[in-house]
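The residues making up each chain are set out below.
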Amino acid sequence: MTLPPAADRAATGVPAQPVQRLRSRHLLGVADLTPAEVLLILDTAEAMREVGTRTIKKVPALRGKTVVNLFFEPSTRTRTSFEIAEKRLSADTLSVAASSSSVAKGETLVDTARNIEAMAPDMIVLRHQSSGACQMLAGVCSSRIINAGDGMHEHPTQALLDVLTIREHKPALASLKVAIVGDLLHSRVLRSNVALLGMLGADVWVCGPTTMIPPGVSRFGVTATSSVDAAVEGADVVMLLRIQLERMRGHFFPSRREYFRLFGMSAERLARAKPDVIIMHPGPLNRGVEIASDVADGPYSVILEQVSNGVAVRMAVLYLLAGLEEGGA
Amino acid sequence: MAVVMEAALIDRALMRISHEILERNRGLEELALVGIRTRGVPIAQRIAGNLFEIVRHRVPSGTLDITLYRDDLMRHPVGPQPVLRRTEIPFSIDERRILLVDDVLFTGRTIRAALDALVDFGRPLAIQLVVLVDRGHRELPIKADYVGKNLPTSIRESVQVRLAETDGFDEVSIREPASEDRS
Amino acid sequence: MTTTPRGDEQPLLLKGGRMVDPAQGIDGACDLLVRRGVVERVGRDLPAEGAVVIQVPADLVVCPGFVDMHVHLREPGQEHKETIASGAAAAVAGGFTAVACMPNTDPVNDHAGVTEEILRKAAAAGLARVHPIGAVTLGSRGERMTEIGELRAAGCVAVSDDGHPVADALMMRRALEYASMFEMPVVDHCEDPSLKGDGSAHEGYYASALGIRGIPGAAEEIMVARDVTLSELTGGAAHIAHMSTRGSLRAVRQGKERGVRVTCEVTPHHFILTDEALSYDTNYKMNPPLREAADRDAMIAGLVDGTIDVIATDHAPHHADEKAVEFDAAPFGIIGLETAVPLVLDRLLHAGLLPLGRLVELLATNPARILGLPGGSLAPGSPADVTVLAPDATATVAAGEFRSLARNTPFDGWRLRGGVAAVLIAGRTVHANAQVAGAGVFAAAADDSAG
Chain A
1 MTLPPAADRA
11 ATGVPAQPVQ
21 RLRSRHLLGV
31 ADLTPAEVLL
41 ILDTAEAMRE
51 VGTRTIKKVP
61 ALRGKTVVNL
71 FFEPSTRTRT
81 SFEIAEKRLS
91 ADTLSVAASS
101 SSVAKGETLV
111 DTARNIEAMA
121 PDMIVLRHQS
131 SGACQMLAGV
141 CSSRIINAGD
151 GMHEHPTQAL
161 LDVLTIREHK
171 PALASLKVAI
181 VGDLLHSRVL
191 RSNVALLGML
201 GADVWVCGPT
211 TMIPPGVSRF
221 GVTATSSVDA
231 AVEGADVVML
241 LRIQLERMRG
251 HFFPSRREYF
261 RLFGMSAERL
271 ARAKPDVIIM
281 HPGPLNRGVE
291 IASDVADGPY
301 SVILEQVSNG
311 VAVRMAVLYL
321 LAGLEEGGA
Chain B
1 MAVVMEAALI
11 DRALMRISHE
21 ILERNRGLEE
31 LALVGIRTRG
41 VPIAQRIAGN
51 LFEIVRHRVP
61 SGTLDITLYR
71 DDLMRHPVGP
81 QPVLRRTEIP
91 FSIDERRILL
101 VDDVLFTGRT
111 IRAALDALVD
121 FGRPLAIQLV
131 VLVDRGHREL
141 PIKADYVGKN
151 LPTSIRESVQ
161 VRLAETDGFD
171 EVSIREPASE
181 DRS
Chain C
1 MTTTPRGDEQ
11 PLLLKGGRMV
21 DPAQGIDGAC
31 DLLVRRGVVE
41 RVGRDLPAEG
51 AVVIQVPADL
61 VVCPGFVDMH
71 VHLREPGQEH
81 KETIASGAAA
91 AVAGGFTAVA
101 CMPNTDPVND
111 HAGVTEEILR
121 KAAAAGLARV
131 HPIGAVTLGS
141 RGERMTEIGE
151 LRAAGCVAVS
161 DDGHPVADAL
171 MMRRALEYAS
181 MFEMPVVDHC
191 EDPSLKGDGS
201 AHEGYYASAL
211 GIRGIPGAAE
221 EIMVARDVTL
231 SELTGGAAHI
241 AHMSTRGSLR
251 AVRQGKERGV
261 RVTCEVTPHH
271 FILTDEALSY
281 DTNYKMNPPL
291 REAADRDAMI
301 AGLVDGTIDV
311 IATDHAPHHA
321 DEKAVEFDAA
331 PFGIIGLETA
341 VPLVLDRLLH
351 AGLLPLGRLV
361 ELLATNPARI
371 LGLPGGSLAP
381 GSPADVTVLA
391 PDATATVAAG
401 EFRSLARNTP
411 FDGWRLRGGV
421 AAVLIAGRTV
431 HANAQVAGAG
441 VFAAAADDSA
451 G
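Protein chains in written order, with this note's numbering: chain A, 1 to 329; chain B, 1 to 183; chain C, 1 to 451.
The set of hints was computed from the structure by calculation and includes no laboratory data. Check each hint, because a few of them may be wrong.
Unchecked claim - Chain B is faced by these chain A residues, among others (derived, beta-carbon under 8 angstroms):
no., residue
1, 44
2, 46
3, 217
4, 218
5, 270
Idealized CB from N, CA, C, for every residue including glycine.
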């Protein structure tokens with residue numbers, strides 16, 4: 001299963017023996033990583049951050065490697081972040097904006113991927129609207145697959161960059177209260193973060209309209225509530241998830257006005273959190289819907305740090321996967 | 001396993017190198033040390049300490065991780081891949097004479113990677129190479145400017161440097177057969 | 001049905017073996033005499049009287065031919081998935097002498113021409129009997145009722161818009177009323193379309209964790225409750241297709257207690273698998289979806305207490321290419337004709353949940369009764385359609401060897417105890433399982449009569 005049951009995850013709270021490599025040749029989801037692997041990625045990402053501070057922001061680690069960014073969903077942020085990460089590592093990169101209508105044209109995802117594979121890329125970074133698309137490609141492709149977001153399933157590099165950002169501000173992850181507020185139901189960011197924060201021992205609260213709380217959420221090992229005040233109370237980290245306005249049509253919430261009134265993160269609501277709370281958002285922001293502008297731009301916001309950490313985390317993942325010997329697990 | 005250098009010998013070698021550095025370099029302001037991770041770093045710091053002792057001048061010292069510049073990223077046999085650590089060079093290397101410091105000079109590939117890396121940080125006046133041990137078997141046209149000890153070895157042997165800062169004690173030893181040593 | 005009866009004059013005698021025919025209250029050693037494709041006599045130690053004699057091995061069980069009242073044969077229109085001939089071959093290989101095929105072909109079986117074409121193809125195949133189910137509404141679009149009387153005359157045995165529910169309550173009411181004139185049940189695929197939405201798996205923890213949109217059990221239960229109510233209102237026979245949730249079971253049970261003419265079926269996958277088995281493997285994507293353990297347990301309870309009338313497969317063949325896509329893009333459905341009997345024997349009989357007699361009711365007696373078919377029993381005068389079981393033969397499911405054109409099953413590689421030894425239709429051997437010791441006597445008899 002994707003998310004191990006809470007009981008299993010508690011067991012992973014034991015301090016992990018450091019590891020020097022990843023076991024899997026793909027990054028399909030956070031749920032496949034061990035705590036030690038997560039720490040390896042985060043530590044590597046911290047070292048990668050230095051590259052971004054140089055005048056010449058480029059190292060030759062992936063010279064001669066070809067990385068294809070195969071994006072079936074529009075994405076500026078994630079695609080750009082991966083492209084920068086790849087370029088900083090000197091990989092040859094190609095971004096393919098495959099429209100999801102290629103299915104309508106008759107070409108299947110597997111065929112599209114096989115066509116790209118025929119050009120012998122080393123890695124494929126895949127963003128797809130269907131949950132499980134990366135697992136499927138990993139089963140039929142010989143390239144390494146990095147999940148850049150699959151449907152409502154996982155967005156592992158986002159969760160890793162979120163945790164990297166949290167760790168910079170609050171090194172003792174295991175004692176933190178993290179409140180995740182927004183559209184929980186459709187969010188791959190939620191699933192990856194719940195798996196990752198749970199693995200690292202954080203006390204995770206998830207909050208959203210009852211229409212947007214995933215069925216079976218109690219087995220995610222989190223506390224679910226529709227009271228944003230309860231979720232934010234004493235929180236060290238408040239992470240907001242994007243509300244897609246088209247969800248209004250699906251009867252998930254009546255209006256952006258009411259959403260903001262009930263769940264939007266305003267300064268007074270935030271006063272319930274710890275004084276040194278940090279505010280996160282995976283972007284893009286809907287100002288005045290999930291977050292008030294003064295909060296987004298305020299002193300607690302680490303939203304732009306998340307973006308810079310995104311490049312470092314993606315460099316780390318690319319580097320660690322590229323370094324695995326051929327024929328690895 | 002044969003011990004070829006003990007703490008006193010290592011100290012003496014590094015002090016001799018420090019004096020040689022001063023002899024060969026006029027203008028201390030231009031000098032900076034860059035230690036290659038892992039054991040080049042404490043050696044660079046010890047040399048900085050020696051220089052301060054001798055001339056009461058602090059030569060800045062940085063840390064270089066060459067992992068991202070290695071030419072063997074995907075060629076490793078089954079062994080673990082090198083863990084990337086932070087590079088910290090808290091000064092501009094432009095217009096400086098850089099003393100690049102490592103523990104063992106072997107094939108020269110690490111130094112090649114370090115030279116590539118340094119060039120990405122700026123344009124130094126010159127780069128000079130400092131090593132505690134030169135064990136021979138070069139695969140690239142690279143030569144050290146300062147050598148603590150020339151140590152003839154067979155290619156199968158492995159040379160291990162231990163330093164108090166990283167290992168708890170100072171010692172250089174040779175072991176047979178070679179395990180992985182690509183310094 | 002054109003399966004040629006045995007030589008007009010020479011009868012066939014099945015001697016020995018155990019016969020299980022709940023319709024006649026038979027469970028024990030019993031012989032069966034067949035003449036001109038029809039059962040002539042049933043009893044102990046029948047005289048041979050010049051008949052071709054098949055000495056049935058003692059460990060085999062002679063049952064009335066099994067009827068799968070819910071299959072998709074895909075022809076006309078989607079012959080790349082399955083044809084009537086391949087589906088009929090899969091049926092006999094799986095132990096079914098008759099199947100009822102759903103009308104969601106292309107074109108939909110919503111007028112007599114399609115029905116007749118299906119029957120013509122089935123006759124040409126000469127294997128399992130194929131009983132078409134006509135559409136309730138034209139194109140199964142839920143707007144205008146089909147000419148049910150003509151469909152009946154052409155050979156349809158029931159009406160259904162399967163694949164879709166009869167979503168409009170008034171349409172369902174009228175269909176129940178109208179079809180009752182022809183003694184035809186309305187088979188309903190119970191699902192509230194708005195609650196189902198674009199779901200692909202049972203709504204619950206496992207779908208949530210995989211990020212798959214859910215289909216709540218309530219989507220089915222609302223329709224089941226409605227159909228029970230409408231059946232009560234109209235007196236028409238409603239048959240609930242592929243029931244999957246405990247709430248549906250409760251609604252049917254309560255209806256039956258009030259004497260409502262409602263019947264229901266369950267598929268093997270719904271009483272064996274749960275949503276815990278979900279992955280992105282599209283062979284676990286079917287509609288209704290695999291439910292949670294409490295639902296699966298309820299299905300077994302319903303089989304045990306008699307609330308559930310029928311085990312049907314909802315055999316839904318798809319081409320491998322169609323299933324080799326993203327989970328949410330994959331079509332619903334799995335095949336079942338060639339796995340149902342081994343699964344039933346392994347999971348119900350050998351698990352000690354149901355006796356063989358009850359299984360024969362579920363697989364033969366009841367579906368024949370609900371569809372008004374002449375079979376379902378081996379009583380004298382019945383068609384000599386016989387399923388011979390080998391309850392202790394153990395085999396591994398090998399999808400690659402299926403007679404069906406499709407391979408979309410989650411049971412590939414399962415090792416199961418219990419299988420089909422042979423199948424006779426109108427007294428003619430149409431399948432003898434070479435893997436079952438002793439089944440050769442049926443093949444030999446077939447050769448005799450051929451020669």
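Hint validity - residue 218 of chain A Cβ closer than 8 angstroms to any chain B Cβ
With a minimum Cβ separation of about 38 angstroms from chain B (threshold 8 angstroms), the hint on residue 218 of chain A is violated.
Taking 8 angstroms as the limit, does the beta-carbon of residue 44 of chain A come near enough to a beta-carbon in chain B?
Residue 44 of chain A check passes; min Cβ-Cβ to chain B is 5 angstroms, inside 8 angstroms.
So, residue 270 of chain A near chain B? Judge it on the closest CB pair being under 8 angstroms.
Violated, about 33 angstroms.
Does the nearest C-beta of chain B fall within a distance shorter than 8 angstroms of the C-beta of residue 217 of chain A?
Because about 37 angstroms separates residue 217 of chain A from the closest Cβ in chain B, which is outside the 8 angstroms limit, the hint is violated.
Does the CB of residue 46 of chain A sit less than 8 angstroms away from some CB of chain B?
holds (7 angstroms)
Of the numbered hints stated above, those contradicted by the structure are hints 3, 4, 5, listed in ascending order.
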